[in-house]
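Going down the list, the sequences are from chains A, B and C. Heads up: the first sequence is residues 1 to 298, going by full-length UniProt numbering. Heads up: the second sequence is residues 1 to 266, going by full-length UniProt numbering. Heads up: the third sequence is residues 1 to 380, going by full-length UniProt numbering.
None of these hints come from the bench; they were simulated from the model. Heads up, a few of these hints could be off.
What the hints assert, rightly or not - To give an idea of the chain B side of the interface with chain C (calculated C-beta under 8 Å), a few residues:
(1) Leu59
(2) Ala83
(3) Gly108
(4) Leu174
C-beta: ideal position from N, C-alpha, C; glycine also.
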Amino acid sequence: MTGLLDNLLNGVALGSVYALIALGFVTIFKASGVLSFAHGSLLLLGGYLVAVLHDDLGFAGALALAVVVTALVAGALDRLVLQRVGTDSHAAHVQTIVTIGIDIILVTDLARRIGGDLLTLGDPWGDSVTDLGPVTVADSRIAAIVVSAVAIAGAFALFRFTPWGLSLRAAAEDAEAAALMGVRLTRVRAIAWCLAGGLAALAAVFLVAFPAPGLERTTGQIALKAFPAAILGGMASPVGALVGSMLIGLTEALVAGYQSDLHVLGEGFGDVAPYAVMVLVLLVRPTGLFAARGAARV
Amino acid sequence: MTTRTAAPPALDVRDVTVRFAGLTALDDVSFTVAPGTVHAVIGPNGAGKSTCFNVLSGLYRPAQGSVRLGDAELTRLAPHRIAALGVARTFQNIVTTQGTVADNLMLGRHVLSRAGFAASALRLPRAAREQREHLARAREIAELTGLGEHFETPVALLSYGDRKRVELARALCLEPRVLLLDEPVAGMNAGERARTAEVVRDVRAELGLSVVLVEHDMGLVMRLADEVTVLDFGRAIAHGTPDEVRRDPEVLRAYLGTGTTGEDAA
Amino acid sequence: MSDVLTSVLRRRGGSLLLAVLLCALPFYLDAFWLRIGLFSMAAAIGAVGIGLLSGTAGQLSLGHAFFLAVGAYGYVWLAGEPGPGLPPALAAVLAVLLAGAAGGLFSPVAGRVKGVYLGVATLALVFLGHHVLLTADSVTGGFNGRSVPPLELGGFSFTETDPELTVLGVPFGAEERLWYLGLALFALTWFTARGLLRGRPGRALVALRDSETAASVMGVQVARYRSAAFVVSSMYAGLAGVLLALSFRRVVPDYFSLALSVDYLAMIVIGGLGSVAGATAGAVFITALPLLMTRYADQLPLVATPGSGDGSIGPTEAARYLYGAAIVVILLYAPDGLHGLARRTRARLRRRRPVTAPSDAGPSPRTPATTTARAKEHTP
Chain A
1 MTGLLDNLLN GVALGSVYAL IALGFVTIFK ASGVLSFAHG SLLLLGGYLV
51 AVLHDDLGFA GALALAVVVT ALVAGALDRL VLQRVGTDSH AAHVQTIVTI
101 GIDIILVTDL ARRIGGDLLT LGDPWGDSVT DLGPVTVADS RIAAIVVSAV
151 AIAGAFALFR FTPWGLSLRA AAEDAEAAAL MGVRLTRVRA IAWCLAGGLA
201 ALAAVFLVAF PAPGLERTTG QIALKAFPAA ILGGMASPVG ALVGSMLIGL
251 TEALVAGYQS DLHVLGEGFG DVAPYAVMVL VLLVRPTGLF AARGAARV
Chain B
1 MTTRTAAPPA LDVRDVTVRF AGLTALDDVS FTVAPGTVHA VIGPNGAGKS
51 TCFNVLSGLY RPAQGSVRLG DAELTRLAPH RIAALGVART FQNIVTTQGT
101 VADNLMLGRH VLSRAGFAAS ALRLPRAARE QREHLARARE IAELTGLGEH
151 FETPVALLSY GDRKRVELAR ALCLEPRVLL LDEPVAGMNA GERARTAEVV
201 RDVRAELGLS VVLVEHDMGL VMRLADEVTV LDFGRAIAHG TPDEVRRDPE
251 VLRAYLGTGT TGEDAA
Chain C
1 MSDVLTSVLR RRGGSLLLAV LLCALPFYLD AFWLRIGLFS MAAAIGAVGI
51 GLLSGTAGQL SLGHAFFLAV GAYGYVWLAG EPGPGLPPAL AAVLAVLLAG
101 AAGGLFSPVA GRVKGVYLGV ATLALVFLGH HVLLTADSVT GGFNGRSVPP
151 LELGGFSFTE TDPELTVLGV PFGAEERLWY LGLALFALTW FTARGLLRGR
201 PGRALVALRD SETAASVMGV QVARYRSAAF VVSSMYAGLA GVLLALSFRR
251 VVPDYFSLAL SVDYLAMIVI GGLGSVAGAT AGAVFITALP LLMTRYADQL
301 PLVATPGSGD GSIGPTEAAR YLYGAAIVVI LLYAPDGLHG LARRTRARLR
351 RRRPVTAPSD AGPSPRTPAT TTARAKEHTP
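Please put together the full structure from these sequences, using the hints given.
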């Protein structure tokens with residue numbers, strides 16, 4: 001029984017970190033129609049900045065600076081590179097491929113700097129644990145859940161209550177009409193990228209916290225798991241991204257937790273189980289769980 | 001090569017109702033398109049004309065009602081099945097695909113031709129022959145619709161009126177028994193309008209097909225239509241010959257302000 | 001009429017010359033260059049396949065590496081031991097069909113899921129496939145992979161010896177032999193893909209991409225054509241996989257990663273979506289770049305030779321930087337890829353020609369004909 005609770009808690013912690021990443025994907029997709037493959041490298045950049053800065057600035061200072069810098073880098077990439085690519089109806093596709101190029105450059109550079117090392121981020125919770133009734137939880141997991149919840153609530157407040165959020169929704173509905181109404185799409189997009197970059201940097205901290213060993217050159221690849229999370233939710237729905245992330249996190253944690261009972265599926269199936277879940281869901285709902293449904297406009 | 005020679009059966013629309021999220025776009029609409037006639041569906045903007053077309057071509061499924069073409073119940077069929085029965089349509093906003101006029105017209109020959117992936121990939125003689133024959137027919141139709149000289153031109157380079165005509169020609173390439181025209185002359189100048197009207201009259205006479213026409217240009221409707229159905233707020237408020245409809249007090253009320261005379265210029 | 005004839009001759013003449021040139025290369029190039037050529041040909045075959053799916057039909061796929069793996073491992077298993085040990089030629093054909101069947105099994109998803117959604121859905125194939133390659137030891141050899149049985153055709157083996165072969169004083173080893181196999185398979189790919197694109201299926205797929213609604217009311221069965229495009233694309237990937245396996249002589253799971261899928265996507269976008277020639281150009285570019293960078297590292301500024309000091313930029317890294325930068329720069333200045341760039345350059349040159357030779361009236365009636373023929377093939 002405690003095994004199950006353990007696994008569920010792990011799943012929620014994992015899910016909330018994925019949610020930070022998936023929310024970024026969805027925001028970018030809503031604002032620009034681009035599927036960002038550069039997300040893994042932004043995440044790695046955020047983590048790397050915390051790793052090299054925490055000695056001088058302390059963890060909190062390093063994290064704050066890393067979030068800001070990553071956000072600015074993401075915004076700048078959109079404004080200075082992506083927005084200059086293509087203008088026709090295929091622009092979003094071409095820009096999606098450009099994010100691949102950006103990702104390759106960033107990852108190559110960061111990986112070269114990190115080398116074969118495992119970097120620590122100097123986080124305050126370390127490997128300490130807390131007893132919660134029958135289960136023992138790593139503090140890093142509690143921190144992941146709490147911080148993610150706060151960050152996600154903040155992001156939703158931005159969507160809901162700011163002029164930017166309104167513009168974002170208008171642009172996602174009908175970019176042309178929004179532009180005619182005076183929405184500055186270039187800025188709406190760039191800010192969406194900033195938000196996504198900041199969230200990715202935040203996610204990095206918890207992805208490499210205990211019990212994970214530390215920041216490696218391959219850490220960015222974990223961002224890919226947020227793809228199924230985002231698509232499960234319908235790609236353009238922030239709420240869907242949350243639900244999708246939880247589903248992915250729980251699946252991964254439960255499959256990994258019951259690995260011994262599932263050995264027919266092979267070792268390490270937990271890592272790929274989210275993708276299996278995604279395919280199953282897409283079979284039933286080809287546009288995700290939360291996709292807007294309506295008659296096609298002709 | 002397949003061409004349809006038999007006279008088209010009647011197209012019978014019965015009690016069709018379409019709702020979108022509580023909004024009733026079509027409310028109990030019925031009309032019958034007699035074989036070989038031009039039947040116009042008119043009405044103010046938002047009256048449900050395009051919705052009606054989308055039901056006829058299988059893009060929308062009505063909440064209730066039936067659409068019968070001869071023995072076939074169209075509301076139960078997917079769009080491509082309806083196309084295979086010989087129902088072709090054009091769109092209000094131009095929907096052409098990339099490539100030349102020929103490419104677009106050849107898409108219209110899709111249901112009449114057979115070459116699949118394997119035959120086309122291996123360029124089997126029968127696939128090549130089929131392609132040649134259909135290309136010849138597509139060229140004929142291009143000539144008929146006044147697109148002959150543009151046959152090899154990329155659609156993107158054509159004028160608005162010509163692109164509109166590509167849609168018409170593409171629909172004709174299906175050798176339809178029923179042709180659905182959604183505002184075929186919208187945005188055209190007077191000369192282009194007259195030419196399109198002529199084409200519609202010619203193909204009807206030559207090929208004996210039925211035409212359902214949605215159009216704002218009342219002059220065109222009055223000249224071409226054998227019968228008119230007037231929609232207003234999703235309901236059919238009048239049926240009859242153009243002359244009868246023109247005098248119908250309900251119709252005048254629905255059109256008051258937008259006026260039948262203002263758009264009659266052409 | 002003679003005008004048309006000369007124009008046809010001129011265009012065919014170009015490809016004829018290219019074919020002769022490609023056939024002559026093994027007599028002049030060493031194994032290193034031949035291997036680059038071989039990998040490029042294999043990549044081109046795979047790129048044509050994904051070009052058909054993503055470029056022509058507008059369906060994004062990140063699962064191409066999986067189907068390459070099915071082709072490669074399918075051949076190795078079918079022709080090898082453990083495995084049924086079939087004649088290698090038969091195994092190669094079956095491996096291609098197997099890849100197609102794998103694509104068919106995915107068709108409930110591929111037929112219904114659209115555009116970017118399919119792209120993400122196909123991620124599952126790569127990760128699940130990789131997992132299977134690692135765990136199904138008895139078939140795949142696990143982490144260390146398997147060695148590839150050489151291809152044999154009627155007693156002729158595509159290896160260094162058996163039989164010894166010297167043509168015009170040039171000893172024909174595995175690379176030389178495989179080069180001609182690669183050329184033949186690539187020619188087959190070119191021939192079939194162009195047939196598909198210019199025939200009824202190609203038009204239906206383009207229509208599907210540009211407007212699903214228009215395609216369906218013109219009679220195109222949406223789900224069926226989407227699935228078919230996926231299956232055909234998988235078969236080309238399978239064929240590429242077989243050729244890659246033969247060239248590498250060993251297959252390992254880690255080669256068939258997401259990065260490989262991304263490479264293939266980059267090939268067709270860099271080359272220019274929707275054209276066979278573009279996909280080929282992109283494939284050669286992306287395949288040859290890292291190999292050339294590694295080989296000529298010592299002659300490049302800023303690049304350290306392998307194994308030198310820590311923190312410096314090695315050739316592999318330099319190739320990655322250049323690869324990433326090439327994607328960004330090419331798409332920044334030519335969103336329609338190398339193919340579009342070539343087309344526009346040609347058009348510009350042609351426009352300039354009448355100025356230099358104003359008395360020549362010949363080119364002007366020919367120009368529109370050639371332009372439209374090009375435009376038909378180019379469908380981004």
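_Violations among the numbered hints, reported as their numbers in ascending order_ = none
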